[in-house]
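Please construct the entire structure, taking both the sequences and the accompanying hints into account.
2 protein chains.
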Amino acid sequence: MKNKQVLLASRPRGRVEESHFRFVESAVPTANEGEFIVRAHYLSLDPYMRGRMDDAKSYAKKAEVDEVMVGTAVGEVIESHHEKFKVGDFVETRTGWQQFGKSDGGGVRRIDPQYVPISAYLGVVGMPGVTAWIGLNEHGRPKADETVVVSAASGAVGSAVGQLAKLQGCRAVGIAGGKEKCEYVVNELGFDACVDYKAGRLDADLAAACPKGIDVYFDNVGGPILDAVLLQTNAFSRIVLCGQIAGYNNPDALTLRNARSFLVNRIQLRGFICSDHMDLWRPALKELGTLVHEGKLKYRESIVDGLENAPKAFIGMLNGKNFGKQLVKLI
Amino acid sequence: MKNKQVLLASRPRGRVEESHFRFVESAVPTANEGEFIVRAHYLSLDPYMRGRMDDAKSYAKKAEVDEVMVGTAVGEVIESHHEKFKVGDFVETRTGWQQFGKSDGGGVRRIDPQYVPISAYLGVVGMPGVTAWIGLNEHGRPKADETVVVSAASGAVGSAVGQLAKLQGCRAVGIAGGKEKCEYVVNELGFDACVDYKAGRLDADLAAACPKGIDVYFDNVGGPILDAVLLQTNAFSRIVLCGQIAGYNNPDALTLRNARSFLVNRIQLRGFICSDHMDLWRPALKELGTLVHEGKLKYRESIVDGLENAPKAFIGMLNGKNFGKQLVKLI
Chain A
279 MKNKQVLLAS
289 RPRGRVEESH
299 FRFVESAVPT
309 ANEGEFIVRA
319 HYLSLDPYMR
329 GRMDDAKSYA
339 KKAEVDEVMV
349 GTAVGEVIES
359 HHEKFKVGDF
369 VETRTGWQQF
379 GKSDGGGVRR
389 IDPQYVPISA
399 YLGVVGMPGV
409 TAWIGLNEHG
419 RPKADETVVV
429 SAASGAVGSA
439 VGQLAKLQGC
449 RAVGIAGGKE
459 KCEYVVNELG
469 FDACVDYKAG
479 RLDADLAAAC
489 PKGIDVYFDN
499 VGGPILDAVL
509 LQTNAFSRIV
519 LCGQIAGYNN
529 PDALTLRNAR
539 SFLVNRIQLR
549 GFICSDHMDL
559 WRPALKELGT
569 LVHEGKLKYR
579 ESIVDGLENA
589 PKAFIGMLNG
599 KNFGKQLVKL
609 I
Chain B
279 MKNKQVLLAS
289 RPRGRVEESH
299 FRFVESAVPT
309 ANEGEFIVRA
319 HYLSLDPYMR
329 GRMDDAKSYA
339 KKAEVDEVMV
349 GTAVGEVIES
359 HHEKFKVGDF
369 VETRTGWQQF
379 GKSDGGGVRR
389 IDPQYVPISA
399 YLGVVGMPGV
409 TAWIGLNEHG
419 RPKADETVVV
429 SAASGAVGSA
439 VGQLAKLQGC
449 RAVGIAGGKE
459 KCEYVVNELG
469 FDACVDYKAG
479 RLDADLAAAC
489 PKGIDVYFDN
499 VGGPILDAVL
509 LQTNAFSRIV
519 LCGQIAGYNN
529 PDALTLRNAR
539 SFLVNRIQLR
549 GFICSDHMDL
559 WRPALKELGT
569 LVHEGKLKYR
579 ESIVDGLENA
589 PKAFIGMLNG
599 KNFGKQLVKL
609 I
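Just so you know, the sequences run in chain order A and B.
When you read off a place in the first sequence, starting at 1, and then add 278, the result is the number in the working numbering.
When you read off a place in the second sequence, starting at 1, and then add 278, the result is the number in the working numbering.
Accuracy of the hints is not assured; some may be wrong.
Pairs involving identical chains hold if they fit within one copy or between any two copies, as the list cannot separate such chains.
The list that follows gives simulated cross-link-like pairs (lysine to any residue, SDA-like), each with its CA atoms no further than 25 Å apart [said to hold, decoys possible]:
#1 590 x 468
#2 421 x 555
#3 380 x 489
#4 339 x 490
#5 490 x 548
#6 476 x 574
#7 421 x 557
#8 574 x 302
#9 421 x 544
#10 339 x 485
#11 574 x 342
#12 444 x 304
#13 339 x 491
Think of the hints as simulated: they come from the structure by calculation, not from any bench.
Following this line, the structure appears as structure tokens:
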């Protein structure tokens, strides 16, 4: 048996192409004392990975050329010389874009496949869900009846943000690309409204969807959509900035023209990533798991089959082609 | 005796001209029951007044065409039918651009001309000083040894920000226009460094002045200077946004190109105006008054003589021609 792996072949300048990745096969790793081997069932594809491909200073260690592309997977322990993880345990672990990974237990989370489906631990009961929970509760701090807007609303983070806001008695308004996603956000996830930014009337549609203005904006994209939101913000509104997907291929696309609103509306803007708040992961995951288990928090997955399709699926996700949490099924 | 007044004649589109103001003379007002009359000694000229001249939505009530231009003065009560304010009291009051004003006591602060010079109650022991104090302590929250940068560093707000930061053990770096202002900021006010933005090497000079990066930026100007600061910010830095003077004549000048830093550096940006925090005025004024009284907080004033010179002095201030707090002496 071999271990299929995806390496970073070269760093993109601008748009990511499949040629920036390279496939290799190596031997399945074996565990030394204090280590264990995980067979991955699902690999998570997330927007943050685009940033890791760059050489620029960012908030996390970058991916290295000719090494396994960074990423998180859920899977089963198949060999262990580690006292805390046994064969048959299910875990979430940062083993990257490969079928088999070795771990010493650092940063590994044990998961319960009986409580919610294992793939959910990569999404709504994992990093994207925690990102939504922390950004909304710690930084957005919405009060009941306030209007909470979230971009990339049908995605893994955005769909959780809006549902959590609804559970707190807020008006939840999504922004998404295309009619199908917007209908899903309103009809399936229960948002009060969803604005299709591809329809070409962003300012007017956003104003109509937010008749009382915007109190909290959870931003996953930056650039022109953030600019449109800035025009509708209420006094003392909060902007939680957790993604800048608009700028991944072109930093100029993040230019802001309506910065005047920051002062006029006494805005609090906060950039954050979920690993800044490790103390909040436990309460966040507990609440998210309970809500999913009880059917009160919905999610959708976009699953491609086989590691060989990971680069294409990743590129599609950066261009908004996914619908819900993007995963690669490996087994 | 007549009451000279300056009215807003018309709203500027872009640059303010003297023709946007109009001089009239009216009778000196008389006080009814519950009112008193103040003879102004000094009128304060402040950047916020530019915003009040516009018709656009902003954080405060706008000035009205054909009415006395809004503003704050310090002066002496010369007639009173008010139980709390007696003839001979000195007060700070929002009577606008005129020699004599009527008040019912709302928003009036009694001041002590023996403690610090009365003009200081319009500057470092008044709204500009409180703005510096609140912005730095409430939103900037610097720790000892952190680097605090402030723009318009020789101005009424900026000069206080840097000195207060020094008193807290921080490295204080100013940004100002021209060699003379920068020398004053370092040699007289005791900042560690001051960058001359007119010298044409803003990015390099700012990097040299902040070898450990920037932890707190107190922004009075917005636009390209804020953009330059964004490139030097440290992780978890705080940006306190209290003025956007770069945009007063042209909102496009506030465009931000380096918004990527908000997320990369997990920045907290906060727009604020000092009237958002009325509960903090008392402790702020107490500390500022004590520091000035004890000679630990320095300030400089730019004083023009006579109300007839107020429009010209105001326009000069918007263009950075003042050096320290801009005042008009009326008596």
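Exercise. Between the shortest in-copy and the shortest cross-copy C-alpha distance, which are at most 25 Å for residue 476 and residue 574: within, between, both, or neither?
Worked result: neither (30 Å within a copy, 58 Å between copies)
With 25 Å as the alpha-carbon cut-off, assign the pair residue 421 and residue 555 to within, between, both or neither. both (22 Å within a copy, 20 Å between copies)
Worksheet entry | Identical-chain pair category, residue 574 with residue 342, by Cα at 25 Å | Neither, since 40 Å and 53 Å both go past 25 Å.
>> I want to check one pair: residue 339 and residue 491. Are their C-alpha atoms no more than 25 Å apart within a copy, between two copies, both, or neither?
In response: Answer is between; shortest inter-copy Cα gap is 20 Å, intra-copy 38 Å.
Notebook entry, point to check: Should residue 339 paired with residue 485 be assigned to within, between, both, or neither, using CA atoms and 25 Å as the limit?
Noted result: For residue 339 and residue 485, only the inter-copy Cα distance (24 Å) is at most 25 Å; the intra-copy one is 39 Å.
message: Reference check for the pair residue 590 and residue 468, CA-CA at most 25 Å: within, between, both, or neither?
response: Neither: 31 Å inside a copy, 58 Å across copies.
query: When no copy is named, should residue 490 and residue 548 be tagged within, between, both, or neither for a Cα gap of at most 25 Å?
result: Close inside one copy (22 Å) and across copies (22 Å); limit 25 Å.
Intra/inter-copy verdict for residue 574 and residue 302 if alpha-carbon distance must be at most 25 Å: neither (42 Å within a copy, 68 Å between copies)
When no copy is specified for residue 444 and residue 304, does a C-alpha distance of 25 Å or less occur within a copy, between copies, both, or neither? Answer is neither; intra-copy 48 Å and inter-copy 58 Å both fail.
Have a look at residue 380 and residue 489 and pick one of within, between, both or neither, based on CA distance no larger than 25 Å. Cα proximity of residue 380 and residue 489: none, with 53 Å in one copy and 40 Å across.
query: Are the CA atoms of residue 421 and residue 544 at most 25 Å apart within a copy, between copies, both, or neither?
result: Close inside one copy (17 Å) and across copies (24 Å); limit 25 Å.
First find the shortest C-alpha distance between residue 339 and residue 490 inside one copy, then the shortest across copies, and answer within, between, both or neither for a cut-off of 25 Å. Close across copies (20 Å), not inside one copy (41 Å); limit 25 Å.
Violated hints, in rising order: 1, 3, 6, 8, 11 and 12; the structure is consistent with all others.
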